[in-house]
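**Student:** Each chain, letter by letter, is given below.
Protein chains: 4
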Amino acid sequence: MGAEPGGYIRQMETLIGNEGLSNQFELVGAGISGNKVTDLYLRLERDVLSKQPDIVVIYVGINDVWHKRLAGTGTDYVKYTEFYDAIVKKLQAAGAKVVVCTPSVIGERKDNSNEQDGELNMYSNWLRQYAKDKQLPCVDLRTEFQNYLIANNPANAEKGLLTTDRVHLNAAGNQFVAKAMWKTVKTVQ
Amino acid sequence: MGAEPGGYIRQMETLIGNEGLSNQFELVGAGISGNKVTDLYLRLERDVLSKQPDIVVIYVGINDVWHKRLAGTGTDYVKYTEFYDAIVKKLQAAGAKVVVCTPSVIGERKDNSNEQDGELNMYSNWLRQYAKDKQLPCVDLRTEFQNYLIANNPANAEKGLLTTDRVHLNAAGNQFVAKAMWKTVKTVQ
Amino acid sequence: MGAEPGGYIRQMETLIGNEGLSNQFELVGAGISGNKVTDLYLRLERDVLSKQPDIVVIYVGINDVWHKRLAGTGTDYVKYTEFYDAIVKKLQAAGAKVVVCTPSVIGERKDNSNEQDGELNMYSNWLRQYAKDKQLPCVDLRTEFQNYLIANNPANAEKGLLTTDRVHLNAAGNQFVAKAMWKTVKTVQ
Amino acid sequence: MGAEPGGYIRQMETLIGNEGLSNQFELVGAGISGNKVTDLYLRLERDVLSKQPDIVVIYVGINDVWHKRLAGTGTDYVKYTEFYDAIVKKLQAAGAKVVVCTPSVIGERKDNSNEQDGELNMYSNWLRQYAKDKQLPCVDLRTEFQNYLIANNPANAEKGLLTTDRVHLNAAGNQFVAKAMWKTVKTVQ
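Chains as they are written, first to last, in our numbering: chain A, 1 to 189; chain B, 1 to 189; chain C, 1 to 189; chain D, 1 to 189.
Hints are computed from structural coordinates only; laboratory data are not their basis. Computed from a predicted structure; not experimentally measured. Heads up, a few of these hints could be off.
If chains are identical, the list can't say which one is meant, so a pair holds when it fits in one copy or spans any two.
Stated by the list, open to error - Under the rule of at most 27 Å between Cα atoms (straight-line distance), these lysine-lysine pairs were calculated in the DSSO-like manner:
1) Lys90 <-> Lys51
2) Lys51 <-> Lys179
3) Lys51 <-> Lys89
4) Lys132 <-> Lys159
5) Lys97 <-> Lys134
Taking the hints into account, I'd like the entire structure generated from these sequences.
**Tutor:** This is the structure we're talking about:
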């Protein structure tokens, strides 16, 4: 959905255009709805490496956690870290610069009382540490979303601020992600 | 386990004795390992009302959340609140004073990064509000555990401080719960 | 849904009328969507015993199994049997005759290759044995559905024969259940 | 465990030796406890292709189903088929002959009343059809186990005949798998 009209990839293009940098960046969406880290690994050559990207922003984790509850088919924490690391190594071996993202939200309550906040925090802790250890830039969407919701969700609503349904981004959410990603991507040398 | 030697019920008896109040309190454990709120409702007459208690401390919720992940047989949030309220009404109709407890922990990490912290927070939020609305005393074990762990768990270990295995209380944990419960129970008029 | 127009309770009334027995039977639906055996126990007095029924047909089990996968909140096998038995005892103590039903299907494939066939068979085995031990009539919907599907589902479709969506009955399914229930209910002395 | 002393790989070696064919076969175990189809794909080059095998017996599926219930981290049916097919294609591209196996059991009850029989049947149906379509030999362990249990499990026990604990093979189970695999492997040209 990020690559569709109004999606955060399309909104990043607008931000890039506003800064007069359109001729320096070509944004290509490779996300597929419902994908987990294992799926990214399966189609890495075909859908990403084949395009010889300079920079790859990896944004995966929501479904890895969410599907544990939704269908019994989420990704074990340890397996998540193994597949993630395998993807980063393949990307780097191909000469791409990698940008890490933490998973934003499954539910917008601001006090860690959304059903799967524990796991999102757990996976995000690993991603932050991994990015630090590997000296990779990290778009910390989880922290940015949480800070935004603490400031802007007085009723502690579980959806409707940055998502339509607890998970999928609404217009404001796409704008929010676009800004956060661009802020980091523009610093990649 | 709370009613076994070293368990929090036995440790409360010691605290009561220390204050010279042993002749005013008789503590009876009615908990059964693995029970959820539905189980308490099923055996309320037989195991609790039959003893004509003056005060009933309800401490249930860990298994209701934990078994969602462990066995696919946890308790829906809405059903939890319905059964809980039905238990309280039956107890009050029988003349017992009710003390509410929030569920402590499934994992001792201090930063809400234990797998099921989100749901424990969610169920605890409801219990706190319910106690307030019904003017019932509340032993807020979840908040007390979290505050203790923030102060005493610098390595962010997931077990070993107040539990043996993320869930079951060790000696310090039993002591901690005994103190917290007694502090509230002694105020019940 | 069984009590709505076209539902199996309404269709049983037609079958009863066809046999000229309408003045001997009054059918009252007490089912609520999404209920499990624990929910039936919770509202037994209010919704069933209060009506002083002569005969009670208990049809529960689909959600107890289905919700394990759907939401992590199904009913443990042993707890299912405990609550079921508690319900039967309360009904019999109130003078009602009890009719047992096995759960029909979650998916209509005929070769035990629907996701939760194993558990439906497991719970049904218990119900059949329980009915036998307690000398209660049993509407063995599971066996009747399976036999029907073996005979009528050559493409091994997972829905569309007796259900709309693997679980909820279509018109033919409601007719099928009505016939099966009536066949047994009419024999209750 | 299949590669340890007494495991089915070691027992196949004995069968091969009994037929005087030890100089024609070298058996190498590459299984890792708890692995699912995604894990096999992740380490295919390192642990299998690097050894330039002539024949590869793929036996995966138990954990893909079991972990849905055990940890919420099983493998979606469609993803199972995608990763499986990707593995077969890589093996064939490397010149290896592939042997398919259906997953045996999670529980030894003979009447499809083990908790996850539905899913094991579902995944096995796909594997049988896939092997047929691709003209690959198939060790149909599921059918062989089921036939054995129908003949030899009169008490409908859930463990103890071919497994120790519903899943892991006992001595008889290892012998049973060894015979079934060898019967097929010896026919591979």
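**Student:** Give a verdict on every hint.
**Tutor:** Going down the list of hints, with the structure as the test:
When the C-alpha separation of lysine 90 and lysine 51 is checked against a cutoff of 27 Å, the pair qualifies both within a copy, at 14 Å, and between copies, at 22 Å. In this assembly of identical chains, lysine 51 and lysine 179 lie within 27 Å of each other by CA distance solely inside one copy; the values are 24 Å within and 48 Å between copies. In the homo-oligomer, the alpha carbons of lysine 51 and lysine 89 lie at most 27 Å apart both inside one protomer (17 Å) and across protomers (22 Å), since each shortest distance falls under that limit. When the C-alpha separation of lysine 132 and lysine 159 is checked against a cutoff of 27 Å, the pair qualifies only between copies, where the shortest distance is 26 Å, while the shortest distance within a copy is 31 Å.
In this assembly of identical chains, the alpha carbons of lysine 97 and lysine 134 lie at most 27 Å apart only when taken from the same copy (12 Å versus 40 Å across copies).
In summary, the structure agrees with every hint in the numbered list given earlier.
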